[in-house]
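Participant: What follows is each chain in one-letter form.
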Amino acid sequence: MTQADPGVWTTLADVVAAACLLLGAYFSLSAGVGVLRFGNLLARTHAVAKPQVLGLILLLIGVALRVRSWPTVTMLALVVAFQLLTSPVSAHMVGRAGVRTGKVDPADLEVDELGGDEAEPRRLPEEPTAPR
Amino acid sequence: MIVAVFVATGLLAVAALLAVVRIERGPSMLDRSIAFDVLTSVLVGAIAVEAAWSRRTETIPILVVLSLVGFVGSVAIARFASVEPEGEGVVRSSDEIAAGEAGRMEALDAAEASHDAEHHGGGAEGEVR
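These protein sequence lines are chains V and G, in that order. According to our numbering, the first sequence is numbered sequentially starting from 1. According to our numbering, the second sequence is numbered sequentially starting from 1001.
Among these hints, one or two may not hold up.
[As the list claims (entries may be wrong)] Incomplete in silico selection of chain V near chain G, CB under 7 Å:
| no. | residue |
| --- | --- |
| 1 | Ala18 |
| 2 | Ala25 |
| 3 | Tyr26 |
| 4 | Leu36 |
| 5 | Leu41 |
| 6 | Thr45 |
| 7 | Val67 |
| 8 | Phe82 |
| 9 | Met93 |
| 10 | Ala97 |
| 11 | Lys103 |
[Claimed, not checked] Covered stretches of chain V, as calculated for chain G (at least 3 residues, CB under 8 Å):
| no. | segment |
| --- | --- |
| 12 | 28-34 |
| 13 | 48-55 |
| 14 | 71-79 |
It is worth saying that the hints were derived from the structure and are not from the lab. Even glycine gets a Cβ: it sits at the ideal position worked out from N, Cα and C.
Same shape as in the complex, but just chain V:
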């Protein structure tokens, strides 16, 4: 155990927490700017999926450093886990729905991975009828 003055560590945690809050709010702002300024749907999806999650994680780290109790940290870790799990899924689904409903210009795409099988409706393979 270190015999350092506990006040030093408290102050340090508060300072780091303040820095994390500022940085997280800045990333959230950049996500807001991106979602307003970017020109098409997929670019906006990018702004939502990446800086937004990073900003939120930084904000929650700030809260954890400020509150300093294990139950709270557990719940904040849960929020971070949910964000990391759900944000790619929702961005992917929005992008795919955009491609399917013709809101994405195929000329914008470098690699059109959905072009082949999403352009035509998918058909179930013909099942051979079982002989009686």
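Model the placement of chain G on the given structure of chain V, informed by the hints.
Facilitator: Just chain G, lined up with the frame of chain V:
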């Protein structure tokens, strides 16, 4: 700490405002849903900043709930996204709405005036059994 909280709150407020502008403009429903995602995340961030400032922990469960609700909302909208007709996703201004309503009311009045008592609204004739 107080300065950091004020600045962070201001940045989050601006981010929320930009997201709301995109929700109002957004040419399609999907743009609105991702802007709503940003709005939800900014709300989570704002509650987090408040919790960090006051050191209250009873608002933390709200963060868990909000992060799930935002996901369910955008996934549901993306799942049921359909091809929108041209101009369908545009929010009309009050003048355009008034013009559309005037046209509709005129059509209703014309339909009302063309009724005659014989086919509509006449009293019961003869013996009602």
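Participant: Report holds or violated for the interface hint on V/Ala18, using the least CB-CB distance to chain G and a cut-off of 7 Å.
Facilitator: Interface hint status for V/Ala18: holds (4 Å vs cutoff 7 Å).
Participant: Min Cβ distance, V/Thr45 to chain G: is it shorter than 7 Å?
Facilitator: holds (6 Å)
Participant: Using 7 Å as the Cβ threshold, decide whether V/Val67 counts as touching chain G.
Facilitator: Since the shortest Cβ distance to chain G is 6 Å, the answer is holds.
Participant: Return the status of the interface hint for V/Tyr26: holds when the least beta-carbon distance to chain G is below 7 Å, violated otherwise.
Facilitator: holds (6 Å)
Participant: Report holds or violated for the interface hint on V/Met93, using the least CB-CB distance to chain G and a cut-off of 7 Å.
Facilitator: With Cβ-Cβ at 4 Å, under 7 Å, it holds.
Participant: Count the residues of the segment 71-79 of chain V with a beta-carbon closer than 8 Å to any beta-carbon of chain G: does the count reach three?
Facilitator: holds (count 6)
Participant: Under 7 Å is the threshold here; is the Cβ of V/Ala97 close enough to any Cβ of chain G for the hint to stand?
Facilitator: holds (4 Å)
Participant: Taking a Cβ-Cβ distance under 8 Å as contact, does the segment 28-34 of chain V have three or more residues in contact with chain G?
Facilitator: Per the Cβ count (5), the hint holds.
Participant: Given V/Leu41 as an interface hint, is its Cβ closer than 7 Å to any Cβ of chain G?
Facilitator: Holds, because the Cβ-Cβ distance from V/Leu41 to chain G comes to roughly 6 Å (cut-off 7 Å).
Participant: Given V/Phe82 as an interface hint, is the shortest Cβ-Cβ distance to chain G below 7 Å?
Facilitator: holds (5 Å)
Participant: Three residues or more, CB to CB closer than 8 Å: is that satisfied between the segment 48-55 of chain V and chain G?
Facilitator: holds (count 4)
Participant: Does the CB of V/Leu36 sit less than 7 Å away from some CB of chain G?
Facilitator: holds (4 Å)
Going down the numbered hints, you'll see the structure goes against none, and every one checks out.
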